[in-house]
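Listed below, chain by chain, are the residues.
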Amino acid sequence: MKLSLNWLKEYVDIKSPANEIARKLTFAGLEVGATEKIGKDSVFEIEITSNRPDWLSHIGVARELAALYATQVKTVRVDLLKPKTKNIFAFSIEIEDRHACARYVGRLIRNVNIKASPQWMAQRLGNVGFRQVNSGADITNYCLYETGQPMHAFDFDKLEGGKIIVRRAKKGESIVTIDGVKRELDPSILVIADAKKPVAVAGIMGGIDTEVTQNTKNILLESAFFDPVTIRRASRKLGLSSESNYRFERKVDIENVLFSSQRAALLYKEIAAGDISEPAVDINYGKQRLKTIKLSISNISRLTGADIPAREIKQILTALGFGVKAAKLKGAFSVTVPSFRNDVSIEEDLIEEVVRIWGYHKVEAAMPVLSAHVEPAYTKQYTYKQRIRQFMLALGLDEVFTYSLLSKKNLEDAASMIDSPAHLINPLSCEQEYMRAALLPSFLKIINLNLNRKNKDIKIFEIGKVYAKQTKVYDEREMLGIALTGNRFHNWQDHARAVDFYDIKGAVELLLERLGIEKYEFKHSGYDFLSAAESVEVVMAGGASCGWFGRVDKKILKNFDISTDVYFAQLDIKALVENIKEVRKFTTLAKYPSSPRDIAIVVKEETAAEEALAIISEVAGGLAAKIELFDVYKGNQIPADHKSLAFSIEYQSRESTLTEEQINTAHSAVQDALLQRLEASLR
Amino acid sequence: MQDKLVQIEKEFEQDAAQIASVENLEAVRIKYLGRKDGEITRVFKLLPQLAVPEKARFGQKINELKEKISQRIEQKAKELETQRKQALLSGAAAGPDTSLPSIKGRIGAEHPLAIVIEEICGLFVEMGFRVMEGPEIETEYYNFEALNIPLEHPSREAFDTFYLENRCLLRSHTSPVQVRFMENNKPPVQIVVPGRVYRPDATDASHSYMFHQIEGLLIDKGITFAHLKGVLGVFAKKLFGEKTQMRFRPHFFPFTEPSAEVDVTCIICSGKGCSVCKQSGWLEILGSGMVHPNVLKAGGIDSKIYSGFAFGMGIERIAMLKYGIDDIRLFFDNDIRFIRQFS
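These protein sequences, in sequence, are chains A and B.
In terms of the numbering used here, the first sequence has 192 at position 192, counting the first letter as 1, and numbering is strictly consecutive.
Add 1000 to a position in the second sequence, counting from 1, and you land on the number used in the numbering used here.
These are calculated hints, taken from the structure and not from any lab test.
C-beta: ideal position from N, C-alpha, C; glycine also.
Keep in mind that the hints are not guaranteed to be accurate.
[What the hints assert, rightly or not] Think about it this way: if two alpha-carbon atoms lie no more than 20 Å apart in a straight line, the pair counts; the simulated SDA-like pairs of lysine to any residue are:
hint : chain 1 : residue 1 : chain 2 : residue 2
1    : A       : Lys445    : B       : Asp1333
2    : B       : Lys1322   : B       : Gln1279
3    : B       : Lys1278   : A       : Thr26
4    : A       : Lys2      : A       : Val32
5    : A       : Lys454    : B       : Phe1332
6    : B       : Lys1031   : B       : Arg1057
7    : B       : Lys1036   : B       : Ala1017
8    : A       : Lys472    : B       : Ile1137
9    : A       : Lys380    : B       : Asn1184
10   : A       : Lys328    : A       : Ile293
11   : B       : Lys1104   : A       : Ala498
12   : B       : Lys1104   : A       : His490
13   : B       : Lys1031   : B       : Lys1055
14   : A       : Lys380    : B       : Gly1122
15   : B       : Lys1243   : A       : Ala366
16   : A       : Lys445    : B       : Phe1338
17   : A       : Lys385    : B       : Asp1263
18   : A       : Lys554    : A       : Tyr502
19   : A       : Lys519    : A       : Ala575
20   : B       : Lys1221   : A       : Leu370
21   : B       : Lys1221   : A       : Ala366
22   : B       : Lys1221   : A       : Glu375
23   : B       : Lys1221   : A       : Ala372
24   : B       : Lys1237   : A       : Ala366
25   : A       : Lys362    : B       : Gln1245
26   : A       : Lys385    : B       : Lys1036
27   : A       : Lys472    : B       : Lys1031
28   : A       : Lys37     : B       : Asn1063
29   : A       : Lys9      : A       : Val128
30   : A       : Lys456    : A       : Ser563
31   : B       : Lys1272   : A       : Ala34
32   : A       : Lys362    : A       : Arg311
33   : A       : Lys24     : B       : Asp1263
34   : A       : Lys380    : A       : Gln390
[Said to hold, decoys possible] Reference listing, derived: stretches of chain A covered by chain B, where coverage requires no fewer than 3 residues with Cβ under 8 Å from a Cβ of chain B:
hint : segment
35   : 358–370
36   : 399–408
37   : 442–451
[Stated by the list, open to error] These stretches of chain B come out as covered by chain A in the derived footprint (C-beta under 8 Å, 3 or more residues):
hint : segment
38   : 1098–1110
39   : 1322–1336
When you get a sec, could you build the whole thing from the sequences and use the hints?
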């Protein structure tokens, strides 16, 4: 909001330069964004917080300056002549909805001469950004910026039946507002109507038919208090905002309604030669006693740590318009809250008022003395998440942060749509309508972006959430996602080779090992988004799945315009953490030498290497200290549909040095078992 | 025999004088000292033909010659080594090309937002705070009402919200975790809460509908606004440098009373004034205040006995200032060339 310094000075005596005033306002909570010099005036652009509708006026901000400069605001006098006629009105006001309109002051101003506003008023309005219309409209705008009360002037002679009815709009009614737009109304919207039709959308905008023009003779001036929620809803519903509803939504001062009407009347008399001798109609359902709050001086220091002298407390609150009396209790004040301060309802609110004006900068910083911790600084899950991140970084994976909102198409393209997805009722666009149920689509988007930018060899991970709708609540789970595409690590010595299934398998296996998860199984699975052959479920002891990994199906990749193979894993963090075995035990280092023996066998293509490894480990028993598969070969010298597997076995005993004979016996047993059970032959 | 030995020695001296490389040296060594067919081995083989006294005499002479040659060769080797060193040092000779790229594996790069989150949480953990997290899908109650934000109030406009069904929503700030934590933990409460939040802002260089915040909450007996200034002052100095100044401006937040916005001296220009701080020398980085009694009440804490402060900051903003990043969208594009710049 723009405020003119010259205008402010009408209500408070201050002589300081504009930049100092701007700084003081900023440090009182009225953040001055910019100060513009216009002629001899300075105009402040101030960001006004939603709790302070009283600051949306020059008188309100002048009050603040009075407190900051330890002075008082000047009273604006509105001495009207006693009305000549008594209780004889040329119009009537009916309020059908007292909740929505708690006060309405209507006043008839006769024989106005509407023309251009005088120079001084035009200047002030211009400086704060108002376009000049004519004195009929300019006066209400002027009062709006002076007192903060929105008012509306009707052309009285265009009001049917000389009536003002404050009521809900009827179904099917409409109005053309002064901006020339026809607006359909409904009973949720409060209107001002004459005997026949709505003439204004209450508190938001008047109708064009009853607008004051150069030809207007008689004005019906409205000053009212409308319910903030009613106005807010109507404004939202109609998609219509104005300076008026901005203030009504923030709650105007009900006691200011009559004052502002009187102030405007005087201006109509002065500027438009209006006859203001007829009495106003004031219907007020909102009379209430002012609140009184006890403010104890010790509570100020209890909350702020600052000792502010009683005298200063009283001065500050008084200048801000509060009534301050000594309370019965010693060391406390009884503070009466003025009607324009709806934001103040408890002692803490008063404390803020005092400290804010006194100066936050004067509160001396101190460190609290805190009790020692008994609880760990990090939760178990948080600790392990950090550890998992470190493993991933050590594996050479870059960390990404991806959007959790995606389009329906993204989810469907990645075969990641679920039966009950979490979806937004009010998305910004269909691109961000669904909360992802899997990390895969987010990752494929990232990979696509990087490939388009010629970034190859992408190895990325994220710990992020996936979401789903349950019957009544929503479920969100943290997942580790890993994606690999392009080449493995390479350089001028080690040449490029594409990543494959065994790389993603390795990443998952290493993670499980390092976390200390000992019991798990890799089972073949059949996810739509993975290739049928390279799709693995990670199953924990007990049979629960904690995620999956494999090669992303070609069709899915095509949907994301990716032409290289992508290997992907998604693991449930909570499930991983629950399966971690935290205690590790030491095993004595072997003292006796080990002897290696190699064996190469030819098996059928479909025989899993795992089976051979299991046989070796079973037959060699405790003597095989290490079993390693070091070669897989298909091709020349190997029959079709067969493959050769070569193992290196290290024989070692914990009790003694093995003799040549012992080793040979063990190794032959292994060889016999392999050949028999796998129907294998030696290579 | 004597002539033979003299002949060998003479020949060796001639050969030795010609040695110019390690290869030459090795050839000469083999010619004279080679075990199978070296000159020395050969003369040793002649010994059995000699008479006994001669045998002993020449045996000794041959050994002397062998020793002499060995020493000369060793000496020559040292000379060559010294020459080579000098040649390498002076650049006259080329060794392996050490300027070839090194062979190193890759350590992955942390996302800049993760770096900043971990750094900030770490600073507060040093001061005794615990790190807590909470759900992103929240209820209206925790996101608004429990935080003293009435349902139909303009103050909610600052927290525009994405809604799901059943009056659930995507949290618009990390503050709901305050009340969730208070409900289950008695004071003293001392937590920081990092997390993802959502607001329906159209995306541009400085806005994103998804971003990250860190929330802090400290509640105990006798906690004051002075303590808020103290703790945040230490934090700012640790994060932005020892010389960082702070200033507190009154502001309005529904969940704190009194409330303050916090500025730090501009980290780009150290307070002199630049385009980033719009010539003011200050950057706004935090919202803070004393926890509103209604919020304490929602958390089951008696505001007559306990008081506390809360603060919150946007991680993207801090990361952008810290690294000089000019577009918030870069964080979520995840171009790996971007991510790799910060580790």
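Here's how the hints hold up against the structure:
no. : hint                  : result
1   : A:Lys445 / B:Asp1333  : 9 Å, holds
2   : B:Lys1322 / B:Gln1279 : 18 Å, holds
3   : B:Lys1278 / A:Thr26   : 16 Å, holds
4   : A:Lys2 / A:Val32      : 10 Å, holds
5   : A:Lys454 / B:Phe1332  : 18 Å, holds
6   : B:Lys1031 / B:Arg1057 : 24 Å, violated
7   : B:Lys1036 / B:Ala1017 : 24 Å, violated
8   : A:Lys472 / B:Ile1137  : 12 Å, holds
9   : A:Lys380 / B:Asn1184  : 17 Å, holds
10  : A:Lys328 / A:Ile293   : 13 Å, holds
11  : B:Lys1104 / A:Ala498  : 18 Å, holds
12  : B:Lys1104 / A:His490  : 9 Å, holds
13  : B:Lys1031 / B:Lys1055 : 23 Å, violated
14  : A:Lys380 / B:Gly1122  : 16 Å, holds
15  : B:Lys1243 / A:Ala366  : 18 Å, holds
16  : A:Lys445 / B:Phe1338  : 16 Å, holds
17  : A:Lys385 / B:Asp1263  : 32 Å, violated
18  : A:Lys554 / A:Tyr502   : 18 Å, holds
19  : A:Lys519 / A:Ala575   : 13 Å, holds
20  : B:Lys1221 / A:Leu370  : 10 Å, holds
21  : B:Lys1221 / A:Ala366  : 15 Å, holds
22  : B:Lys1221 / A:Glu375  : 19 Å, holds
23  : B:Lys1221 / A:Ala372  : 14 Å, holds
24  : B:Lys1237 / A:Ala366  : 15 Å, holds
25  : A:Lys362 / B:Gln1245  : 15 Å, holds
26  : A:Lys385 / B:Lys1036  : 68 Å, violated
27  : A:Lys472 / B:Lys1031  : 95 Å, violated
28  : A:Lys37 / B:Asn1063   : 108 Å, violated
29  : A:Lys9 / A:Val128     : 15 Å, holds
30  : A:Lys456 / A:Ser563   : 12 Å, holds
31  : B:Lys1272 / A:Ala34   : 18 Å, holds
32  : A:Lys362 / A:Arg311   : 17 Å, holds
33  : A:Lys24 / B:Asp1263   : 16 Å, holds
34  : A:Lys380 / A:Gln390   : 15 Å, holds
35  : 358–370               : holds (count 9)
36  : 399–408               : holds (count 7)
37  : 442–451               : holds (count 3)
38  : 1098–1110             : holds (count 9)
39  : 1322–1336             : holds (count 6)
In this structure, the hints that do not hold are numbers 6, 7, 13, 17, 26, 27, 28, in rising order.
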